[in-house]
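Visitor: If you're matching them up, the sequences are chains C and W in order. Numbering of the first sequence is given in the working numbering, commencing with residue 1 and proceeding in unit increments. Numbering of the second sequence is given in the working numbering, commencing with residue 1 and proceeding in unit increments.
Hints in this document: simulated from the structure, not taken from any laboratory. A few of these clues could be false.
To be verified - Derived EDC-like pairs: lysine to aspartate or glutamate, alpha-carbon spacing no greater than 20 Å straight-line: (1) Lys195/C x Glu151/W; (2) Lys101/C x Glu94/W; (3) Lys47/W x Glu60/W; (4) Lys2/C x Glu196/W; (5) Lys16/W x Asp50/W; (6) Lys195/W x Glu138/C; (7) Lys195/C x Asp150/W; (8) Lys2/W x Asp25/W; (9) Lys88/C x Asp14/W; (10) Lys88/C x Asp115/W; (11) Lys46/W x Glu60/W.
All of these numbers come straight from a predicted model, not from anything done at the bench.
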Amino acid sequence: MKWLIDLFSSTLGRKVLMALTGLFLILFLAVHLAGNLQLLKHDGGRAFNVYAEFMSTNPLIQVISKGNFFFILLHAGVSLGLTIRNRKARGSVGYAVTSGKSSIWSSRNMGILGTVILVFIVIHLKDFWAQMHWGGIETVMYDGKEYRDLSKLVAYWFHVGWYVALYCFCMIAIGFHLWHGFISAFQTLGLNHPKYNPLIHFVGKAFAIVVPALFAWIPLAMYFNI
Amino acid sequence: MKITLKVWRQKSKDAKGEFKTYQHDHVSSDMSFLEMMDVLNTQLIKKGEDPIHFDHDCREGICGMCSMYINGQPHGPLQTTTCQLHMRTFKDGETITVEPWRAQAFPVIKDLVVDRSAFDRIQQAGGYVNVNTGGVPDANVIPISKKIADEAFDAAACIGCGACVAACKNASAMLFVSAKVSQFALLPQGHAERKERVEKMVEQMDTEGFGSCTNTRACEAECPKAISVANIARMNREYFSAMVSSYEVKVGGGE
Ligand code: HEM
Ligand code: SF4
Ligand code: FES
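So here's chain C without its partners, still in its complex pose (with noise of 0.2 Å):
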């Protein structure tokens, strides 16, 4: 067993974990904008309600969401160690003058990225997550069944204008993070080659744009009433 703790205590093996979580959590936000984007739908939020109490009451998905939560903080955890490792491995003086000319901006900033969208996700989930399980959420009738009227809840949040501006801003953070993360994911994870290369990067750079655009142009649309 020894190796195994020897494994995950290394900075590479630690590093495993940064880039599997986050390669899941890339999954997960593929997943959750294909739910979100039936808010589009013109039927009354219907299509959308009767995704979200599949998502909330289906038990193959109660596990798999345990699981991604655990792989937030997991992902959140193991990078705070890293950071302070980081910050700790220049030494107690630092340069006088750094220059950003060899790597790029979101390369450099991943943590601060991060934060910004576990300070989203923690209001995201209070917001939306925790008035679906615990809150006094209304509820509608299909043929007869009952279901939770997330999407009117979601609609009143996207008719505020500071909550919309929040949201998109933390879209842009998350893009922002993927922009470096997706590609560095591979990278980590030892799959750099020539031959697929060039894939793994233009996927990467369209998802860092395209998930995070879709994602932010539902409260726009709404808000606008598009």
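Since chain C is already given, all that's left is putting chain W with the ligands on it; use the hints.
Guide: Only chain W with the ligands this time, still in chain C's reference frame:
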């Protein structure tokens, strides 16, 4: 040319350092950066002052000694060693800030001189191939494809200068260590000790207190020998496959 130099001066390892400003009015644009420093030091010696200490040896870009962090970049604005950097790269009247490599694992000894023996200890932990001495083997008994040989050679071009550590916001030594792991991992001669080597070298790298890699790729952009971060990905593969499949070797490179 006339330039103003802001140089880090520090008497000894534990002394508190500070920047000192020097006006340098006798600079030729054809001088190398080190020659410019030599002229300045001659002036300081004539005045009876302590000259600025800096590391240098070959002055032809192959030894890796000339560590200087110039205007926010290791070895200055070009992707070369400091000895290969010429004053024509700078503007007349420019202020140039010169600092030592900053890393916990590279303590400052004096002025711009840092102790890079952490790199030696990483090498000693596994960066070699054990051979039995005996007759010289015939050439070409072990066939190696040209592409693999080239790739191993590219990794072996690392001169251990430490610019990767200096450039990295995390003071990570991954580019150096991965070059040293790769040059053997690619070749059949290195295969016998392949797993043990990467385990021990990574262990030693962590023990020395270098940071972890966040793939910013600043190292690759600053490395005077253009070592590729593809080596870092290779080391990651080598390390994970070694850790999950090797017999338990004692990984205690530190003692
Ligand atoms: C939806 C949420 C998130 C996704 C999809 C995500 C994705 C990723 C990915 C793919 C990486 C690259 C891993 C690697 O370089 O191997 C990464 C790195 C990182 N993430 Fe996240 N992340 C998310 C949330 C967070 C949060 C909440 C934090 C922190 C509080 C955070 C902090 C970091 C840091 C500091 C790194 C760089 C770590 C390193 O390279 O050593 N992330 N993230
Ligand atoms: S990898 Fe490049 S920058 Fe790092 S020590 Fe080797 S030659 Fe210097
Ligand atoms: S003095 Fe040898 S590389 Fe610069």
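Visitor: Of the hints stated earlier, which fail here?
Guide: 3, 6, 11
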